[in-house]
Amino acid sequence: MPREQKQVRELQEGSYVMMDDAPCKINHYSTAKPGKHGSAKARVEGKGVFDDKKRSLSQPVDAKVWVPIIERKQGQVVNVNDDEVQVMDLDTYDTFTMRIPEGEDFTSDDNIEYLDYEGQRKIIG
Amino acid sequence: MFPGATTGREAASYVVVGAPLDATTTFQPGTRFGPDRVRRFAETYDDYDRRTDSRFSALGVHDDGDVRPWDDVPAYLDHLAAELRSVVYDDAVPLLLGGEHTVTYAGVDAVDPDILVVADAHLDLREAYDGNPWSHACVTRRCLDDLGVDRAVIVGARTGSEAEWNRAADADVEIVAPEDAREWLDALDSEDAFGDDSVYCSIDIDALDPAYAPGTGTMEPFGLEPRGVRDLVRAVAPRADGFDVVEVNDRDDGQAAAVAGKLLREFAHSHADATATASDGDRPDGSE
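Residue numbers (this note's numbering), protein chains in the order written: chain A, 1 to 125; chain B, 1 to 288.
Hints may be right or wrong, so weigh each one.
[What the hints assert, rightly or not] Derived lysine to aspartate or glutamate pairs resembling EDC-like cross-links, with alpha carbons at most 20 Å apart:
(1) A:Lys53 with B:Asp91
(2) A:Lys54 with B:Asp172
(3) A:Lys33 with B:Asp66
(4) A:Lys33 with B:Asp90
(5) A:Lys54 with B:Glu10
(6) A:Lys47 with B:Asp66
(7) A:Lys25 with B:Asp22
(8) A:Lys53 with B:Asp66
(9) A:Lys54 with B:Asp71
(10) A:Lys47 with B:Asp71
(11) A:Lys53 with B:Asp71
(12) A:Lys33 with B:Asp112
(13) A:Lys25 with B:Asp90
(14) A:Lys54 with B:Asp66
(15) A:Lys33 with B:Glu10
(16) A:Lys41 with B:Asp112
(17) A:Lys47 with B:Asp22
(18) A:Lys6 with B:Asp66
(19) A:Lys53 with B:Asp90
(20) A:Lys54 with B:Asp112
Worth flagging that the hints you see were computed from the coordinates, not collected in a lab.
Quantities reported herein were computed from a predicted structural model and do not represent experimental measurements.
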């Protein structure tokens with residue numbers, strides 16, 4: 001599985017973490033100061049990388065969490081079809097279909113970057 | 001636990017969060033005891049609400065306990081807002097128990113409303129108090145200037161500095177004096193005053209006349225009557241996405257806490273009743 005374990009205190013805004021079994025990008029991280037007898041707790045907020053759903057978790061800062069290893073890859077547009085695009089990976093020459101992000105416009109031969117995690121893919125530009 | 005808040009966090013439609021911040025109270029402190037005091041004086045209330053024909057324990061309320069404050073108020077508010085945003089992410093409505101009024105900043109930050117409806121004796125429109133922009137006397141100003149709230153309606157306001165009254169004259173602030181509150185409420189019933197805008201409802205318990213709620217930090221005479229605040233909560237709740245009741249302390253025999261607990265319940269009953277009606281395709285305002 002392309003993921004690693006980290007302590008909650010090692011997380012930071014902009015990095016990734018698994019929440020509800022979904023890889024999420026962290027957009028807010030805050031810790032509560034411990035009471036006399038408590039341990040510091042972190043509240044981590046993130047957005048699903050592939051489903052855009054907002055999620056949140058609360059854990060002691062020394063708890064272990066899974067961090068997904070999301071690959072950033074290069075591809076070339078082969079064909080554009082409505083809101084989907086056929087892309088060829090420039091390393092493996094695999095071809096697959098991805099949804100075009102809102103507001104983006106592609107034509108054949110465009111080079112793109114995309115995120116890949118266990119077969120879930122998303123164009124980032 | 002708030003009495004009747006027996007639903008698990010995952011299944012909850014409403015989540016009670018205590019925020020016993022007591023950092024900037026300017027006269028009588030004690031808001032650090034507010035949340036637990038409200039919980040305690042809500043113990044005697046019947047579970048059944050006749051007006052809405054519903055049971056509080058069946059509304060899906062969860063009590064998530066308190067978020068313990070520490071000295072750094074901005075850092076605390078940032079963390080409290082994150083806790084409350086997690087409630088919003090779970091499609092539940094946060095019910096915040098203060099704590100000094102400053103905690104409303106975190107509630108508004110989490111809910112991100114267009115309109116803030118606040119019952120308060122004070123304008124709370126100061127840029128800073130004693131040099132502190134995070135004072136409880138500045139919270140409405142912070143929500144307008146820093147959090148992008150489009151409009152604040154301050155019901156029951158009867159005191160403020162000259163600079164605050166000048167700020168209150170701007171187009172994004174509406175002041176409803178205690179003696180005009182009933183008329184304002186009646187107009188709410190007859191017209192959809194909020195349109196499609198989202199609303200956050202904050203009740204500073206000192207909006208009530210101190211004869212009814214003496215357990216608060218800065219008592220201000222000639223205030224609202226409990227039934228008026230109750231009717232405000234009933235009217236605003238159906239359109240609100242977040243609620244708080246703040247500034248309750250332990251310096252009375254429970255009068256302030258008793259009203260606060262009842263107002264929280266009124267909010268939940270009214271909101272749930274309206275939500276159920278709306279899901280039946282018949283919103284109270286007649287819109288789709």
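Hint-by-hint comparison with the structure:
Distance check on the hinted pair: A:Lys53 and B:Asp91 sit about 12 Å apart at the alpha-carbon level, within 20 Å; holds. At most 20 Å may separate the alpha-carbon atoms for a hinted pair to count; A:Lys54 and B:Asp172 exceed this at roughly 30 Å. The straight-line distance between the Cα atoms of A:Lys33 and B:Asp66 is roughly 13 Å, inside the 20 Å bound, and the hint therefore holds. A distance of roughly 24 Å separates the Cα atoms of A:Lys33 and B:Asp90; the hinted pair therefore is violated under the 20 Å criterion.
This hinted pair checks out: A:Lys54 and B:Glu10 have alpha carbons roughly 15 Å apart, not beyond 20 Å. Restraint check: the Cα-Cα separation between A:Lys47 and B:Asp66 comes to about 26 Å, which exceeds 20 Å; the hinted pair is violated. The suggested pairing of A:Lys25 with B:Asp22 is violated, with an alpha-carbon distance near 34 Å, which exceeds 20 Å. Simply put, A:Lys53 and B:Asp66 have alpha-carbon atoms about 27 Å apart, too far for the 20 Å limit, and the pair is violated.
Restraint check: the Cα-Cα separation between A:Lys54 and B:Asp71 comes to about 30 Å, which exceeds 20 Å; the hinted pair is violated. Taken as a hint, the A:Lys47 and B:Asp71 pair is broken in the structure, with Cα atoms around 30 Å apart against an allowance of 20 Å. The suggested pairing of A:Lys53 with B:Asp71 is violated, with an alpha-carbon distance near 33 Å, which exceeds 20 Å. For the hint linking A:Lys33 to B:Asp112, the alpha-carbon distance of about 25 Å lies beyond 20 Å, and the restraint is violated.
As the CA atoms of A:Lys25 and B:Asp90 are separated by approximately 18 Å, the hinted pair is consistent with the 20 Å bound. Restraint check: the Cα-Cα separation between A:Lys54 and B:Asp66 comes to about 23 Å, which exceeds 20 Å; the hinted pair is violated. The straight-line distance between the Cα atoms of A:Lys33 and B:Glu10 is roughly 25 Å, outside the 20 Å bound, and the hint therefore fails. A distance of roughly 24 Å separates the Cα atoms of A:Lys41 and B:Asp112; the hinted pair therefore is violated under the 20 Å criterion.
Taken as a hint, the A:Lys47 and B:Asp22 pair is broken in the structure, with Cα atoms around 33 Å apart against an allowance of 20 Å. Under the criterion of a C-alpha separation no larger than 20 Å, the hint pairing A:Lys6 with B:Asp66 is inconsistent with the structure, at around 28 Å. For the given pair, A:Lys53 sits about 11 Å from B:Asp90 by alpha-carbon distance, which is consistent with the 20 Å threshold. The suggested pairing of A:Lys54 with B:Asp112 holds, with an alpha-carbon distance near 15 Å, which does not exceed 20 Å.
In this structure, the earlier hints numbered 2, 4, 6, 7, 8, 9, 10, 11, 12, 14, 15, 16, 17, 18 are contradicted, and the remaining ones agree with it.
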